[in-house]
Amino acid sequence: MTWQAKLGWTAVTVLGAVAFGVVALTRGEPVNAAWLVVAALCIYLVAYRFYALYIANTVLGVDARRVTPAVRHNDGLDYVPTNRYVLFGHHFAAIAGAGPLVGPVLAAQLGYLPGTLWILVGAVFAGCVQDFTVLFLSTRRDGRSLGDMIRAEMGPVAGLVALIGVALIMVILLAVLALVVVKALVGSPWGFFTVACTVPIALIMGLYSRFIRPGRIGEMSAIGAVLLLLALLYGKTVSESPALAWYFDLSGEQLALVIIGYGFVASVLPVWLLLAPRDYLSTFLKIGVITLLAISIVILRPELQMPAVTRFIDGTGPVWSGSLFPFLFITIACGAVSGFHSLIASGTTPKMLENENQACLIGYGGMLVESFVAIMAMIGATVIHPGVYFAMNSPAGLIGTDAVHAAQVISNWGFLVTPDTLTQIAHDVGEATVLSRAGGAPTLAVGMASILSGVFGGNALMGIWYHFAILFEALFILTTVDAGTRVLRFMIQDMVGAVIPAFRQTESWTNNLVGSGLAVAAWGWFLYQGVIDPLGGINTLWPLFGISNQMLAGVALTLCTVVLFKMKRQRLAWVTIVPTLWLLVCTLTAGLEKLLSAKPSISFLAHAQVFGDALAAGKVLAPARTVEQMSRIVLNDYIDAGLCVLFIVVVVVVAAYGLVDIKRALSNPRVTTVEMDAAGAMAGDD
Amino acid sequence: MTEVSGRLRLVCDGVVRTARLMVGVPDYQTYVAHRQANHPDQAIMSYEAFFRERQQARYAFTKGRFRGCC
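Here the protein sequences line up with chains A and B, keeping their order. First residue of the first sequence? That's 1 in the working numbering, and the numbers climb one at a time after it. First residue of the second sequence? That's 1 in the working numbering, and the numbers climb one at a time after it.
Everything labelled a hint here was simulated from the structure, so no lab data went into it. These numbers come from a predicted model, not from an experiment. It is possible that part of the hints are untrue.
[What the hints assert, rightly or not] Restraint-style ranges between C-beta atoms, simulated for each label pair:
1. B:6 / A:420: 53 to 63 Å
2. B:6 / A:212: 28 to 38 Å
3. B:6 / A:222: 22 to 32 Å
4. B:11 / A:502: 46 to 56 Å
5. A:291 / B:6: 19 to 29 Å
6. A:50 / B:11: 23 to 33 Å
7. B:46 / A:207: 15 to 25 Å
8. B:11 / A:222: 13 to 23 Å
9. A:404 / B:11: 26 to 36 Å
10. A:663 / B:6: 57 to 67 Å
11. A:200 / B:46: 24 to 34 Å
12. B:46 / A:269: 17 to 27 Å
13. B:46 / A:507: 19 to 29 Å
All residues carry an ideal CB built from backbone N, CA and C; glycine is no exception.
Given the sequences, and given the hints that come with them, work out the whole structure.
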């Protein structure tokens with residue numbers, strides 16, 4: 001390193017440390033979001049320049065002369081050596097989803113600092129390491145998927161267990177994401193009208209690109225974007241006309257059924273008609289909005305209204321229950337480390353790497369950008385008035401349903417807010433009320449609307465920006481829901497097909513309908529339970545989703561660790577061992593607390609017991625109103641507990657296999673992992 | 001001047017290719033060049049056929065293609 005470079009990196013480090021000091025140590029007065037952005041960017045730069053390169057060159061031993069699958073199998077379609085920046089865009093678009101937007105918003109109940117710390121530390125030492133290592137391993141193994149690699153390196157049982165785990169996680173993911181959309185659209189004619197319009201718009205785009213101008217992605221997306229904008233503007237008219245608004249003012253149950261029906265239809269129909277055009281629209285919108293938000297935050301430099309740390313770090317918060325450890329880490333989920341990325345990093349990306357030495361930029365760098373998206377979500381949630389934040393995210397059982405009562409309760413928590421503030425913000429964004437709009441998306445939409453309208457259009461456009469933000473979130477969540485339903489359908493067909501081979505035929509309409517029906521029923525059941533859950537479903541489902549996602553990351557990192565031992569690089573394996581252990585400790589603690597804690601607010605079983613005992617005594621406990629609701633709560637608790645047990649079993653089995661494999665690798669003096677060698681054959685003796 | 005506009009065109013080209021690959025459609029020219037160089041005796045898909053093939057492939061859950069992340 002030249003002395004200029006040394007000087008430069010010292011400056012970056014000092015700047016980052018100063019900015020971080022301001023963020024971490026300021027108390028009692030608002031901190032400017034710019035400090036948070038500067039601190040994050042400096043930490044990312046230093047982490048990338050030093051830690052990521054250390055992992056690449058020393059730990060993994062990236063070899064630029066090795067032939068990648070893209071070159072070996074080049075077919076111009078799946079396997080194409082691709083420019084690294086183009087591939088970076090592809091990879092980032094594939095990993096970016098709703099997780100890093102929702103998780104930080106929910107975590108903001110502890111203040112901005114705890115969540116921010118984990119988003120930064122978690123990404124640098126866990127999330128990025130996982131994405132990068134899995135991408136590297138898959139590239140060395142001809143672009144194999146995570147499931148295949150676990151089977152090859154850790155045996156068929158571990159592979160099967162991991163695969164079942166992925167299917168279960170998929171179910172919970174789809175249910176919780178759909179629930180976020182339902183929560184955002186309940187009683188919001190403007191929001192539901194705009195989101196509903198995306199279906200006919202997608203059909204128009206699909207037909208256009210199929211028959212009128214085949215394959216013209218730019219044209220069809222432009223048409224879609226214009227129509228979307230018109231729908232957004234007309235939505236205001238719809239919401240202001242009672243006759244029209246009536247059609248789009250749906251209850252939670254109705255919305256759940258609509259989304260379940262939609263998921264089924266989207267999974268059954270040919271992809272070019274509905275799924276693909278929506279996917280294009282949501283992908284471009286997603287990337288566009290993330291860029292726009294970043295630019296707006298830099299221009300506006302808003303102040304964070306939320307304190308650095310709130311009193312709720314003691315675990316009594318209204319948004320989600322549980323203490324900081326382990327539930328903060330479970331709640332943040334994707335913005336710091338996401339198990340799902342291991343599926344993407346072993347999917348299409350490794351088949352397009354030009355050179356092994358680019359895995360660092362794409363794997364590690366891609367996750368750094370994802371982490372920055374989470375930081376922006378944290379900023380979005382904390383620039384709004386803390387009183388508004390708690391009014392939007394606390395269940396009606398705690399704050400009631402009118403602004404006066406809500407303001408009183410929240411002020412008593414120490415976040416002074418007037419009823420006027422709460423009604424004014426609802427008026428500004430064009431909604432009847434903002435109380436108890438849980439799920440993260442509406443809160444983020446208010447935060448984004450206040451940032452974006454601060455730069456473009458002022459207060460007058462607040463309503464438009466709010467619904468634009470809701471549309472943006474709902475659009476790409478629903479795209480995940482329908483693409484995910486298809487994936488789940490294929491997984492189910494594959495698993496059932498192991499017993500009934502005819503069910504594997506994906507072209508058969510019977511299989512299509514039955515498979516789609518099963519897939520939709522699986523997540524739809526949890527969605528519907530979440531919607532009618534008198535306790536607010538997010539409270540129940542989000543921790544389950546967080547646990548499952550972090551457990552998948554634990555499984556992926558276990559594979560990475562095992563392979564490092566098999567490569568005889570065990571002395572450097574702490575790089576993956578540390579995050580693996582942390583994730584195992586976090587998720588197992590959270591999972592066990594969800595089962596065994598004595599507090600009914602945390603444990604499914606304790607909760608089931610309270611309600612079961614009351615039921616046996618013939619009593620009805622609030623928030624349930626009937627005996628039927630009581631027994632439903634008890635049943636749901638047992639099913640959620642069962643799911644929790646399954647997740648724990650998956651991660652414990654894989655970890656146990658990991659330990660056995662590590663021991664075996666240590667007792668063998670030779671390299672035992674199976675990689676592609678230069679000649680294109682699988683090498684190694686295992 | 002020409003150097004600047006040339007570079008600008010390169011950037012635009014990169015942005016377009018990135019946007020296309022984001023939705024699962026790789027570069028068509030690269031595909032054609034690859035087929036011409038390596039399989040000159042075989043038919044080359046038209047852009048429309050290529051687009052349809054790629055669109056279908058993006059949502060087929062095989063060969064480790066996995067869609068729908070959080």
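Exercise. Is the gap between the beta carbons of residue 291 of chain A and residue 6 of chain B within 19 to 29 Å?
Worked result: 25 Å Cβ-Cβ, so the 19 to 29 Å window holds.
For this session: Can you let me know if the beta-carbon spacing of residue 663 of chain A and residue 6 of chain B is within 57 to 67 Å?
Result: holds, 59 Å
Exercise. So does residue 200 of chain A sit 24 to 34 Å from residue 46 of chain B, Cβ to Cβ?
Worked result: Roughly 29 Å apart at Cβ, these two residues keep to the hinted range, so it holds.
For this session: Hint says 46 to 56 Å; check whether the CB-CB distance for residue 11 of chain B and residue 502 of chain A agrees.
Result: holds, 52 Å
Exercise. Could one say that the CB atoms of residue 404 of chain A and residue 11 of chain B fall in the range 26 to 36 Å?
Worked result: violated, 56 Å
Exercise. Is it true that the C-beta distance of residue 50 of chain A to residue 11 of chain B lies inside 23 to 33 Å, as the hint says?
Worked result: With Cβ atoms ~29 Å apart, the hint holds.
For this session: May I ask you to test the hint 22 to 32 Å on the CB atoms belonging to residue 6 of chain B and residue 222 of chain A?
Result: holds, 26 Å
Exercise. Would you say the C-beta atoms of residue 6 of chain B and residue 212 of chain A sit inside 28 to 38 Å of each other?
Worked result: holds, 34 Å
Exercise. Taking 15 to 25 Å as the hint, is the beta-carbon distance of residue 46 of chain B and residue 207 of chain A inside that range?
Worked result: holds, 20 Å
Problem set entry | Satisfaction of the hinted span 19 to 29 Å by the C-beta atoms belonging to residue 46 of chain B and residue 507 of chain A | Holds, at about 24 Å.
Exercise. At the C-beta level, are residue 46 of chain B and residue 269 of chain A separated by a distance inside 17 to 27 Å?
Worked result: About 25 Å separates the Cβ atoms of residue 46 of chain B and residue 269 of chain A, which means 17 to 27 Å holds.
Exercise. Measuring from beta carbon to beta carbon, are residue 11 of chain B and residue 222 of chain A in 13 to 23 Å?
Worked result: holds, 20 Å
The earlier numbered hint that this structure contradicts is number 9, and it is the only one.
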